[in-house]
Amino acid sequence: MTRFVIKRIIQSIPILIIISIISFSIIRMAPGDPVKVFITPQMTYEQIERTRTRLGLDKPIYIQYFYWIKNLLKGDLGYSFINYQPVIKLIKERIGPTIGLMGISMIISVILSIALGTISAVYKDKFLDKFISKVCYIGISIPSFWFAMMLIYTFSLKFKILPSLGMRSIGVKSTLDLIKHGIMPVIVLSFPNTSILTRYIRSNVIDEMDENYVDMLRSKGLNYKRILYVHILKNSLLPVITILGMNLPSLVSGAFITESIFGWPGMGRLGVGSIFNFDYPVIMAITMLSSVMLIVGNLVSDICYSIVDPRIKLIR
Amino acid sequence: MKFKKILVLFLSLILVLSVGCGEKEEVSTEPENEENGTNVVEGSEEKIKDGGMMVFGIGDDPKILHPFYATDRVTMTIDNALFDPLFVRDGNETRYYLAENVSVSEDNLTYTVKLKEGVKWHDGENLTADDLIFTLEKLIDEKQNANAYQNFIIGGKPISFEKVDDLTVKIILPEVSVPFIETLAGVTPIAKHIFEGEEDFTKSEKNENPIGTGPFKMKEWNKGESIILERFDDYHNGKPHLDQVVYRVVADSNAANVAFENGEISVRYIDVNEYEKYQNSNDFKVYGFDEGMLNYMAFKLNNDDLKDKKVRQAIAYALDKEEIIKGAYDSLEYAVPAYTVLTPQTLYYTEDVNKYEHNVELAKDLLKESGKENIKLTLGYISTSKEQEKEALIIQQKLKEIGIELELMPLDRGAFYQKLFEPDNRDFDLVFNGYIMGQEPDSYKLIFTKGGPYNFVGYENEEMDKMWVQGPMEIDKAKRQELYENIQKQIMDEMIQYPICYPKALIAVSGNIGGVEESKLMPIFIFEDLSKLYIIE
Amino acid sequence: MNEVTIKKTKEYVKKNKSIKIYVCIISILILSSIFAFLSPYDPTKIDINNKLVSPNKKHIFGTDDLGRDYFTRALYGGRVSLTVGFVSMIISMTIGTLIGAISGYFGGRIDSFLMRTVDIIMSIPSFFIILIINAYFKPGIASIILIIGLFGWTSVARIVRSETLTLKEREYVLCSKTLGGNNFWIIFRHIIPNILSTIIVSSTLNVASAILTESSLSFLGFGVVEPFSSWGSMLRNAQKYMQDAPYLAAFPGILILLTVLSFNVLGDMLRDVLDPRNIQSQKF
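Chains as they are written, first to last, in our numbering: chain A, 1 to 316; chain B, 1 to 537; chain C, 1 to 284.
So here's chain A without its partners, still in its complex pose (with noise of 0.2 Å):
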């Protein structure tokens, strides 16, 4: 185990040197110019040159990556090129947000699709199984801002029961007023995963219960509900893990239209506003952040998959 799991982590440096130069060339060969977002119109050549060079923008490219990533063993992240301050605070301030979304998102996600997906394939072709699959139809085919923008026109507007604004009222610093706040951004990011793992769940409860084994323990007198809880469950969960680990990046990089639309102090803003600004130190760290993440989460749920289902092995 691990053994495995170093071996992994070793093999994944490659991949990350890799994604880690495509990224930056593909980020500094784009035409544009960072120094360019923050003159003024006092500024003359010399002092434009002047910031050109204190950001390190003077050089070569192969010789701004080598500093990028001398700094990145030593930890150091860089200085934002819009604000100055250190990448790394600026990562501190947005992430809790975003994980906080992003992660109670996901735990409401994998609970009721748990529960749905059981339902519905305990209840296969029947008016409920139709009617969570009908639901779940709409999940995966709904365009996420617009579902962002029924919510804040029906509860905000129409209603005026929700805030539609930001992760809590001013000066307010309660759990209550927290949670009103996410309530919507909370809908609209777990919808659509809900239905997808509603359907997965479904349909890998299904083809357990057909397995033999099912019959077999039956056939030794287990109660049914207990065959279903526990054997049965236990092997459908493993797409859940496996979509998961696909989305723990999102847990870092978070999402950038639910959080613009209900204004959520969150990473996908911080991210899709350095691209705008040219902010390449930000760009670089969200990238890597997200692809470690990604690797990580394969990992995991690797070793998931090893733990709930010991007939596979860990070779890859």
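Just so you know, the hints here were simulated from the structure itself, not pulled from any lab data.
In silico contact screen, one side only, chain C against chain B (beta carbon under 10 Å); selected entries:
{"#": "1", "residue": "Gly221"}
{"#": "2", "residue": "Phe222"}
{"#": "3", "residue": "Val225"}
{"#": "4", "residue": "Asn237"}
{"#": "5", "residue": "Met242"}
None of these values were measured; they are calculated from a predicted model.
Cβ coordinates follow ideal geometry from the N, Cα and C atoms, glycine included.
Position chains B and C against the provided structure of chain A, taking the given hints into account.
Relative to chain A, chains B and C alone:
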């Protein structure tokens, strides 16, 4: 104009707002409702209630809360609440803030600034001449790279200054510069006891908790969420009425709209449609003021067709300015047609130029004379600007009439400015932009002289460049006037840019907010003096 | 189509009657976007005096903020959305099938190189895609098709690869190989035709996701350029008038939902009827 006299303003830049339009003669302080007789509580009937808060919507966090480095609207707006300037020049009026008075010597070389007595920093220390000296030292310090650095270098030499007494500083210029008074007005002192010994101001931790002299001081900064300022009781202009001023980050314009209607935000830039809507509502008050802004369409001279003056003139004749404005801004009430490149507030503004009245036949003739055929052009603009989009669609139809095919290219704000200042960029040939350059015509040279930082069209004219150089050194007013009037005539004759309108900035304020007139409506940060705002009881 | 498939289809339709509705919706949308020009209105004709008119008999979807007939714009918008969906699907299916088949068929180094590439592309955070569009592309239909097509092939490649892995051990492939058949000929003659059902199902679901992606990108302003529109760009525009004219936001949103929904349902039907293996992983 409290902070930066000169600001090339980019349309609906950082705040999620759309800007309305302008009325020419109106001074920036006159509220719209007085003319229209809308349902605003009369000043005398309003009862002032101390306390309460006012919430501004901002598009993103401010960048560095240090007055040296403000380049965007949000940062300038918040700086304005935290830091007071020496004084403000508004037309012929000068309003003093930290300075008690400023005197200029006969030879126009020595400026003596006397600071007000008893001005306190937010941490309780007194503002003294040492602070001002420190500020000036850092402004001319190349290493700090302050935005305004260049304004303090006159004729290649930095200004010098000396302390006269605890509250008086004498500033000596190396040579005469008429616009220097504007530069001086923009000086916002920073505290010596705070920043002394800081190596690089931009990276300083002190910017997270700025200490200024303004009516409100920093209380909390929740990144990506809000900035909460609280009342500064020792404010030199009298204790502010409001308890708190909050800047709330609203990245999405729809969200800002909803939040404003729900009362989660108390003031907002609005467009013409919204202006008309809120005008008839009891819950909101609307105001319009002149931002001193010009919206225009520029011709990029790296396009071969546009290099020909006749083609540019043909386009100008093909367009119907009033139709464009009516389409984009509903009526001429919110945007005044512009015929020259200076704004009416600028010194030596003249309308005595070629106005290019709509004339399709003339336009066609000019095109024929130029010998160009099958002209295809691309027009770049910011995709989030409704007004620009409407203008673009109308111009597209008009140019079709004279046989010019116009492709539209809406761009994201960031990409737009990137491309705009890319000298070799050929993605678009025509482009919408806007600017607020202040009342000093000298600042316009940045746009029209060779190598000027905002001369993105690539215009070169040696003869005119000489006139621009002569401008700030000319002390004789009549001669100066003639100079700048000639410049305007020439620019219009050459048709380097097609001025569209002077849009009026329109804002809506929650009905319970009073003191809007007293606080003076200003470009960029809306209220010049926040201490005057209050909640109506 | 063989008899089994026809029989299965009939059974499926009998069991899920609503499928007819979705097929109808898709057909209507496709037909109406093809025949959009029959509308009496010009989708780009500006009529300032007639702006923001609520839905009525003359303008069944009302008019937008420039007085353009919203129904006509929705028809033309549908044309754009569907075009983007189909064309980018073709791009990503072509790339994905080729790469997947080559990777699975040849195995070894080629396989691991191609699959690592897929891993890397899949690990690019979606915000990075916005960066690439923002920096390297002009907004427009062509760019958006290219972007969606170039980023949508990875999952297809994975599915096709795993199908190919099982197929290449089949007797007829092995036989063909020993008879000295050209590798690419085998891929095109034996492998791809045999995973056609997988490809068809993937394509259907791919159209759905491409339309959804297009709407998000257009909503962010990276899509179609005025005066043209897609449903996503119409929603972007409608955002501003949520209070005064909510119908501007309602119609394009419902259209996107219906279209994507129909393609998803159709894809599921095809999956059940054609019964390809391994298609599960498509949904990841």
